[in-house]
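Listed here are the chains, written in short residue letters.
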Amino acid sequence: MFQYQFMQHAFEAGTIVAIIAGIVGYFVVLRRSSFAAHALSHIGFAGAAGAVLFGVSPVYGLLLFTSVGGSMMAALSPRAAHRDVHIGTVLAFMLGIGVLFISLYTGYATEAYSILFGEILGISNSDVLLTLVAALIILSIIAVVYRPLLFASLDEDVAEAKGMPTFLLGIIFMILVAVATSIAVQVVGVLLIFSLMVTPAAIAQQLAKRPHKVVIISVAIALMATWLGLFVAFYEPYPVSFFITSIVFVLYLLVRFVYRRIRPLKVSQASFQNAA
Amino acid sequence: MSTIQPEITTAPVQSKVITAEKLVAGYEDNIVWRDASFTIDRGEFVAVIGPNGAGKTTLFRLLLGLQRPTSGTIKLFDSEPKRGNPDIGYVPQRHLIDSETNVESLELVHLAFCGHKWGFHLSAKTGRKAALVALEAVGAAELAHQSLNALSGGELQRIFLAEALVSNPSLLLLDEPLANLDIRRENDLLQLVNNVVRSRAVTALLIAHNINPLLPFLDKVIYIANGKVATGRPKEVLTSEVLSALYGVHIEVLHDSRGNIAIVGIEEHHGDE
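So the protein sequences, as listed, match chains B and F. Each residue of the first sequence is one higher than the last, beginning at 3 in this note's numbering. Each residue of the second sequence is one higher than the last, beginning at 8 in this note's numbering.
Please keep in mind that the hints were generated in silico from the structure rather than gathered at the bench. The reader is advised that the hints may include incorrect statements.
[Stated by the list, open to error] From the structure, some residues in chain F lie toward chain B, with a derived Cβ separation under 10 Å: (1) HIS102; (2) GLU111; (3) LEU115; (4) GLY122; (5) HIS152.
Even for Gly, the Cβ is constructed at its ideal location relative to N, Cα and C.
Chain B with its partners taken away, still in its complex shape:
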């Protein structure tokens, strides 16, 4: 399998993306921003469409549009309330621009398919390099903001009272999601972004109570699903993103319904007494 360059690239890019998506995804789930992540991937599509229209590699369009869109969302809704309205508003606007791009260009079909559903088997060496650079940037930002972002995500009001720059942290978070989404689109495409950016972290949250443990589990799940998906897709002629998404989904069901039966979440005894 690894004799083939395209498989090497696929595994390289897939590994990098899985690690990043597993880490950033934790914050997406923690901040209940899965709609924002999903919206950003659609916004990214509009950017990719624009990039193709101007003859540039789609990834640059993705990065530009998601960063701008993400910053707009963060600026419009610094507090958690009503975020979905602001997100939807920005999403609709930017998708509208995407519609404009699409109407101006005639040769979209294959590009559109790979952006929508991921074309990890078509990743070039320069794509892998770009993915690596983007990942290193994300990791270095996270290394700096990990603690403040975690605290601001868990207890926004106290963080604000302590003088932490919660608004700036919100924008940084959105930029992180924007860049992570842009590189993840290569693997699973715009429409299936949840399977890497949200579900692994959601599963991991069910399994651990300490953030660094959750992140490790989240990355492990994303990696496992990506590798397994690539492995299967090498032998079966079906899209890689389908396999990745299905593996993650099955795991989610297992944890949610089987694991939780064996080990239900502890509910405090006192809360039963209060009800009496």
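On the provided structure of chain B, position chain F as indicated by the hints.
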């Protein structure tokens, strides 16, 4: 109208924690309350009482440096309140914790200790130790490794209090910590806050709706209503005269046999008690 000013105890200068002089608070063009002049001394347990929307949280925002006074002065530890004062422990009214938050309590308290620090840290030992100490101080050490979404209301309030105490503040600001607690948990939490106040000489301001559970513990009351502020000892502020002057309508303060207070005549102003 001018300030309602019952006797305020004079105290030596060093022990004044909060001083307000003709303080006026508001947002943009709206004035929330005016002419507040009072002093809070070190180690006092103070209730901030008043109807919904009277501006109780506004007072906290002024103290936290999140808002500037419209006019007048407010001093905290002899200087102007600034944002991010590590000497204040804040327990806000709302928290983002819900049934999805599967994070252990120790982690939240630990983050309150070191969450404002940027950059990577290799060893979390001192932070976790400080967090455990704070949890012990509120009698919640056994909850350290339990997930926040598995805790009852009363237990959560203890964790939030530990969160505020972990940085060893001199001033505690608690915004409606008793909401959603039954009478027994209310009393437990108040005993706890009182212990912290007395044992650490910490000053505490607590916003509440119902004054009665607090009466056994209070040194002072700040009563905010109808755009005015009255401050003083409970016996001095919670009188028919003072409250009538505050509300501008006839108010009667009735006492029952056990010292509980019923304030009659403010039904239009207060929500449910």
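Going down the list of hints, with the structure as the test:
{"no.": "1", "hint": "HIS102", "verdict": "6 Å, holds"}
{"no.": "2", "hint": "GLU111", "verdict": "4 Å, holds"}
{"no.": "3", "hint": "LEU115", "verdict": "6 Å, holds"}
{"no.": "4", "hint": "GLY122", "verdict": "3 Å, holds"}
{"no.": "5", "hint": "HIS152", "verdict": "7 Å, holds"}
When held up to the earlier numbered hints, the structure conflicts with none and fits them all.
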